[in-house]
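Following my numbering, the numbering of the sequence shown begins with 701 at its first residue and continues without gaps.
These are computed hints drawn from the structure, not numbers from a lab. Any given hint could turn out to be false.
As a list, the in silico BS3-like pairs of lysine-lysine whose alpha-carbon atoms are at most 30 Å apart [as the list claims (entries may be wrong)]:
#1 Lys746 / Lys774
#2 Lys776 / Lys760
#3 Lys760 / Lys771
#4 Lys771 / Lys807
#5 Lys746 / Lys760
#6 Lys780 / Lys746
#7 Lys760 / Lys780
#8 Lys746 / Lys776
#9 Lys774 / Lys760
What follows is a set of in silico ranges between Cβ atoms, one per label pair, in the way DEER data are often shown [claimed, not checked]:
#10 Lys760 / Val721: 18 to 28 Å
#11 Thr715 / Ile788: 44 to 54 Å
#12 Gln795 / Ala718: 33 to 43 Å
#13 Arg792 / Thr724: 44 to 54 Å
#14 Gly763 / Gln795: 49 to 59 Å
#15 Ala718 / Glu765: 13 to 23 Å
#16 Glu783 / Arg741: 33 to 43 Å
#17 Ile711 / Glu790: 21 to 31 Å
#18 Gly763 / Phe708: 42 to 52 Å
#19 Phe708 / Glu735: 23 to 33 Å
Fair warning: this is a prediction, and the values are worked out from it, not measured in the lab. Built from N, CA and C at the ideal position, the CB exists for glycine as well.
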Amino acid sequence: MKLRRDIFQAISDPTRRAILVLLTTQTMTAGAIAENFDAARPTISKHIQILNECDLVIAKQQGREIYYELKIEKMKEIDKWLEQFRVIWENRFNQLDNLLETLKNKKHEK
Numbered sequence: 701m702k703l704r705r706d707i708f709q710a711i712s713d714p715t716r717r718a719i720l721v722l723l724t725t726q727t728m729t730a731g732a733i734a735e736n737f738d739a740a741r742p743t744i745s746k747h748i749q750i751l752n753e754c755d756l757v758i759a760k761q762q763g764r765e766i767y768y769e770l771k772i773e774k775m776k777e778i779d780k781w782l783e784q785f786r787v788i789w790e791n792r793f794n795q796l797d798n799l800l801e802t803l804k805n806k807k808h809e810k
């Protein structure tokens with residue numbers, strides 16, 4: 701039975717988030733990715749597999765090597781989901797700014 705995964709499961713793990721950050725600058729082999737972590741290569745390969753299953757990375761064969769590349773389009777899905785919270789927090793911060801400005805003005809009026 702194949703587990704169904706989604707992008708939020710993929711980014712829930714700090715190692716997978718770190719792998720995504722590594723792939724923002726260049727395509728890399730699994731070995732090159734693993735060199736950046738203090739973990740066994742099979743562990744890193746499992747993380748890469750999960751990222752691949754969640755469609756956050758794409759594997760491209762070049763000769764005998766497989767290079768992994770970040771799929772920016774999928775990252776945009778995460779950003780779109782986060783946008784709803786960004787709007788809420790920006791509104792709350794604006795309300796707080798207004799309140800602080802009002803309190804500051806009242807203090808100077810006394």
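We went through each hint and held it up to the structure:
1. Proximity of Lys746 to Lys774 is assessed by CA-CA distance (about 19 Å); at most 30 Å being required, the pair is judged to hold.
2. Annotation: proposed proximity of Lys776 to Lys760 holds, straight-line Cα distance about 21 Å (limit 30 Å).
3. Under the criterion of a C-alpha separation no larger than 30 Å, the hint pairing Lys760 with Lys771 is consistent with the structure, at around 12 Å.
4. Taking the CA atoms of Lys771 and Lys807, the gap is near 52 Å; set against the 30 Å cutoff, the hint is violated.
5. Annotation: proposed proximity of Lys746 to Lys760 holds, straight-line Cα distance about 17 Å (limit 30 Å).
6. For the proposed pair Lys780 and Lys746, the alpha carbon gap of about 27 Å is at most 30 Å, so the pair holds.
7. This hinted pair checks out: Lys760 and Lys780 have alpha carbons roughly 27 Å apart, not beyond 30 Å.
8. Taking the CA atoms of Lys746 and Lys776, the gap is about 24 Å. The hint holds against a cut of 30 Å.
9. With a CA separation close to 17 Å, the supplied pair Lys774 and Lys760 stays within the 30 Å bound.
10. With their beta carbons about 19 Å apart, Lys760 and Val721 fall inside the hinted range of 18 to 28 Å.
11. Between Thr715 and Ile788, the C-beta spacing of about 29 Å breaks the proposed range 44 to 54 Å.
12. A C-beta distance of roughly 35 Å is found between Gln795 and Ala718, which places it inside the suggested range of 33 to 43 Å.
13. For the hinted restraint 44 to 54 Å between Arg792 and Thr724, the CB-CB distance of approximately 30 Å leaves it violated.
14. Taken as a hint, the range 49 to 59 Å holds for the pair Gly763 and Gln795, whose Cβ atoms sit roughly 57 Å apart.
15. Against the hinted window of 13 to 23 Å, the Cβ-Cβ separation of Ala718 and Glu765 comes to about 21 Å, which satisfies the hint.
16. Taking the beta carbon of each, Glu783 and Arg741 are about 37 Å apart, inside 33 to 43 Å as hinted.
17. Between Ile711 and Glu790 the beta carbon distance is about 22 Å. The supplied range of 21 to 31 Å therefore holds.
18. Checking the proposed 42 to 52 Å range against Gly763 and Phe708 shows it is violated: the Cβ atoms sit about 34 Å from each other.
19. Take Phe708 and Glu735: their Cβ atoms lie about 27 Å apart, and the range 23 to 33 Å holds.
When each numbered hint is compared with the structure, violations occur for hints 4, 11, 13, 18.
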